[in-house]
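Protein chains: 6
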Amino acid sequence: MRRILIINPITSKEFDNMTKEYLEKIKDPCTQIECVSIKKGPASIETFYDEAFAQPEILKVADRYKDKCDAIVVDCFADPGLYAIRELVDIPVIGPAEASMVVATMLGHKFAVISTMRNSGPWTELQAMAYGLSNRMAAAIGIDIPVLELSKDPKKTAGYIVKAAKEIIQHKGAEVIILGCTGMVSVAEMVKQELDVPLIEPLATSLKVAEMMIDLKLRHSKLGLYMAPEKGKIVGY
Amino acid sequence: MRRILIINPITSKEFDNMTKEYLEKIKDPCTQIECVSIKKGPASIETFYDEAFAQPEILKVADRYKDKCDAIVVDCFADPGLYAIRELVDIPVIGPAEASMVVATMLGHKFAVISTMRNSGPWTELQAMAYGLSNRMAAAIGIDIPVLELSKDPKKTAGYIVKAAKEIIQHKGAEVIILGCTGMVSVAEMVKQELDVPLIEPLATSLKVAEMMIDLKLRHSKLGLYMAPEKGKIVGY
Amino acid sequence: MRRILIINPITSKEFDNMTKEYLEKIKDPCTQIECVSIKKGPASIETFYDEAFAQPEILKVADRYKDKCDAIVVDCFADPGLYAIRELVDIPVIGPAEASMVVATMLGHKFAVISTMRNSGPWTELQAMAYGLSNRMAAAIGIDIPVLELSKDPKKTAGYIVKAAKEIIQHKGAEVIILGCTGMVSVAEMVKQELDVPLIEPLATSLKVAEMMIDLKLRHSKLGLYMAPEKGKIVGY
Amino acid sequence: MRRILIINPITSKEFDNMTKEYLEKIKDPCTQIECVSIKKGPASIETFYDEAFAQPEILKVADRYKDKCDAIVVDCFADPGLYAIRELVDIPVIGPAEASMVVATMLGHKFAVISTMRNSGPWTELQAMAYGLSNRMAAAIGIDIPVLELSKDPKKTAGYIVKAAKEIIQHKGAEVIILGCTGMVSVAEMVKQELDVPLIEPLATSLKVAEMMIDLKLRHSKLGLYMAPEKGKIVGY
Amino acid sequence: MRRILIINPITSKEFDNMTKEYLEKIKDPCTQIECVSIKKGPASIETFYDEAFAQPEILKVADRYKDKCDAIVVDCFADPGLYAIRELVDIPVIGPAEASMVVATMLGHKFAVISTMRNSGPWTELQAMAYGLSNRMAAAIGIDIPVLELSKDPKKTAGYIVKAAKEIIQHKGAEVIILGCTGMVSVAEMVKQELDVPLIEPLATSLKVAEMMIDLKLRHSKLGLYMAPEKGKIVGY
Amino acid sequence: MRRILIINPITSKEFDNMTKEYLEKIKDPCTQIECVSIKKGPASIETFYDEAFAQPEILKVADRYKDKCDAIVVDCFADPGLYAIRELVDIPVIGPAEASMVVATMLGHKFAVISTMRNSGPWTELQAMAYGLSNRMAAAIGIDIPVLELSKDPKKTAGYIVKAAKEIIQHKGAEVIILGCTGMVSVAEMVKQELDVPLIEPLATSLKVAEMMIDLKLRHSKLGLYMAPEKGKIVGY
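Protein chains in written order, with our numbering: chain A, 1 to 237; chain B, 1 to 237; chain C, 1 to 237; chain D, 1 to 237; chain E, 1 to 237; chain F, 1 to 237.
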């Protein structure tokens, strides 16, 4: 039995039920999932500022659960705290952006990411640069709907995403579309119906990548980028 | 129940039993695997020449089985025929080199590939360039043992690989090691024991990536690089 | 006297006379050319699938003629079998895509490739990545005319190419245009008249690069990527 | 009069006096500097984990002082919180790694970074990738001395750095050396004496870049990557 | 007191007063500037040809003044003679294109350069490639106004620049605009008023970078790319 | 009959006869070559400073001969004035570094350049960056023999080159060696005998590329990077 911890790195309850229900349908029968939200931090992650305030709590959750699970998924496309958790624990830690992008590279020549606010375009470009995948990304754009409003009018949200996707497929050569926010789960199915290319929903993808890592008994290297931290050095948390 | 076809793209019987047995242990209980070798073609794939003579048969096997399986794995690190099979079928097709490299990027900053003959070094560099992953690869080298001799003296083979890996970890900053030949299955465990960094065995990894793709209902884009071929255009095969 | 073998890697007779006549006018007086088509394989190469079925016969032709010629040109922009032939023979082997792209880099800052079907755009991008020339390519697109229809209505074909070229010159900064199919020979002159930038016809370019390689007594390195194959390992061909 | 805030993003008092004294000598007479340490967080930043726990306090300090200064320098080569602070404030925010690397590119063909622990090598490579400067960096390595021990035996520290620098200059083509930790201020002069190439001390460089940004009245763009955060969204801090 | 030499590498008197007046307002009180034009050479630098005829005189001016100044700025966005002067002298030498681009990378994710004639677009792309900054540049274009006509109708010039800038910000993701000609000083203020993103005026930026280099006591490496020339080897100048 | 102008961009007579004799043997029977040295300028080109003083005379020679020849080769691996001549004339202009590098990419996976002084290593790296070929270059180094001493002790020179080449082939994966100075003509044959990989002599290669460009009737694009200069703008030359 695989045990996977989903860390929901926001304080808003917006997506709690949806996430759980959604993943229960997607997970392997031999996988147990636990979803934990943070108590302190941002209502949603849309800026580096938000991300900074989410990280300490993410790490505390990871520390608390690390012996009770076999892999961790951080439920946010910003991959907040991804490297820090990898340093802290000895099990696979999956970030939705990273997982989605690498899976996308196997499905077509170039992928595109469609996300929320305007700043998410360059932010995603920055992620692609850091992950070394810039030359496989056709474009990254936002549809100007904030995270917490994505589910308010799902039809509108889906419509915006589809329009943006078709534009990018037509003019930038995108062959695969990645939803650039794990809060887009609720509209993924609607979007999928309208597109002729593969659609990657990052949360489901992360869960499956986590299961795969567990099955392959793979762990992050501790001989280079990820070094085990000295927890005692932290004061006041 | 997932049905995965493993195409063994060589005429040698060298690895047949080993592959089957090995994958039976690794596959999910809900996965059925079928291993099919080609009847015409090379005894092993060590050159582009070998690869060229393997491809038509690989495609015929894929065509014959494509309605009886849910994903295909090509059991060779050269990823022979990868793009052509993707054009031909409507199910996920996984290549060990591509799958191993993308998985490796999630495990550490830079990966290295250790393969068979001297030419496999630049060949792997070429793959990394085509897959857009050059900047995540620390090095790619061969240990000068031909494919069909890898299992003759497993201890020697493992020893050469370990030596090469340690050298690359120490001097080139590799944090993850990929075995650059699916014929190295027999020594994977031995090598793993000796290394302080994650070791990726490409065949197991490909199988698990295939299961993941099936579960995520993902298929290759047919709107760009991969276009359905006209089979009627082929004469004499 | 230089002897150059042109391998026409398709079974269609569509271009046979045209190719021969065309090259006779372009070749140096001290060059003899021989054009050989394959007997088994695709009518035209428009997919990786087609390419796979062309390669064994290409290699057999190369093997049969390798002692009677001083260089080989593969007459197809997909550069089918390019690396495999280089492994097999000890004379220069020229691929139209590779030759055209490197020549183009000397003529202007960025080149663009205009080819046949939609998939040829990303395919050419893939070639540019593998050849290490992505940053010199402005764009690569198809005009949605299949190879075997290029010569049906030459005026229409030329018109489509000119329109696409002007668009790319204007909006993507292309300074040199490469015809992305050796079957475009028949319209090259018409296109050239309409453009203010250099036009590279890949077949003529390949022939001249082959002559140059012969004159410079240059051969492919056999100490790295290209390793001489063991022909005895191939069964059933 | 320019007012520059130096945020010392660690709770250790180790470097407080040194930093202040050092910068007083380097700053322009028309610059006032204020050094502020964080009260909660890591004693030193050597892992992403440490960085995560430093960021909320860094942002609070920046928020508290943002109307009383004209630019901010984050005194750590990890550039912790760099993008988040830029989102929060409307004045220039300088990170030592970024500032040092861009200045280095003007001084020679390739620079190298010499830092503290082994993990700092790949970490710096990651920074160079994200800053788009990988192709100007010859190498990045650690000397295996933790941040808080750098000043214990300055001679030893300087000796290790000089040895590493000479090695990299000789074998990797580095033409400029960057000290990869702002805690190396105490040994910068000693190291400089021993090297034939320019040495960049990142803290001084950051201060001067900050002065320059103020004088040029330049601010970070708020129309793309850096979007003003909604502070009200943060709970519990 | 810092002494900075501004070399105006053109024979036209067009910008002489403007440059001097402009920089007097921008320079630090403790900086003295001297502006020297060349007597032989091009009226303006708009081609590599112009640049070639400017260089010998630039080098003579640099040689004549090198002991009387602490840094040199070449007042042209083509950075003419930049590397040659660095070889010749032992003080910092600043080129406006290089300085502007590196400063721009600290202000936003991608910058764009707006310059004079059509050829300045690819020329700037070439600079970005040589400086290793291609992946931080969104676009580079000319507005089709020659250098010597920029100041004739400043309103028109400013209008063209603003229009081009807005287009690039909107469609190419530019977050920072660089004026791609030091002759645009006269319209910089007008342009700045119209844009929501940072505007970099390269001449002012170069002066400030020069002051910074002096203050940091940094010099170009002489152990690699820049080697001291043998002046005696030059005949006839 | 093709007429090719060889511009020898140095004032030293060192290589005059050798160049002429050498090229007479290599040229096609239907090619006439004319070798012209410059009268003012450097004795040899080993720095950017030297190059700067060579360029005006190179351009004057090109201008004087441009109507009497069909292509121009600049006989120096620094490719001095390459882009400026291309602007000035309407015939192909070939630079030895550019021509050698592009030819090398067709012969093996990675090439290396072996040149004269230490600074030629990074200089060649800079060329490779500007030509967009960095990822095909394994290394570039100097052997610490000045240009004008290369022919003094040819055996020694050849020995140094061979030693460097073998080192780079063994340890950096070079598969093709380029002589990084056209003054190495005299030792090319000796070096070739000692190497198992292709050796590219840049002057012969440039001549043959020039012949090819003439035969293909190709010219440089004038719609982008290369713009026809206004000669009237130059004063005092």
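It should be emphasised that the hints constitute simulated quantities derived from the structure, not laboratory data.
Values in this document were obtained by computation on a predicted structure and should not be read as measured data.
There's no promise every hint is true.
A pair counts as met if it fits within one copy or between any two copies, since identical chains are not told apart.
Stated by the list, open to error - With a straight-line cut-off of 30 angstroms between C-alpha atoms, the simulated DSS-like cross-links for lysine-lysine are: (1) 68 to 172; (2) 39 to 231; (3) 163 to 152; (4) 155 to 66; (5) 60 to 163; (6) 25 to 231.
Exercise. Against the structure, test the hints numbered earlier, and report the numbers of the ones violated in rising order.
Key: When the structure is compared with the hints, numbers 1, 4, 5, 6 turn out to be violated.
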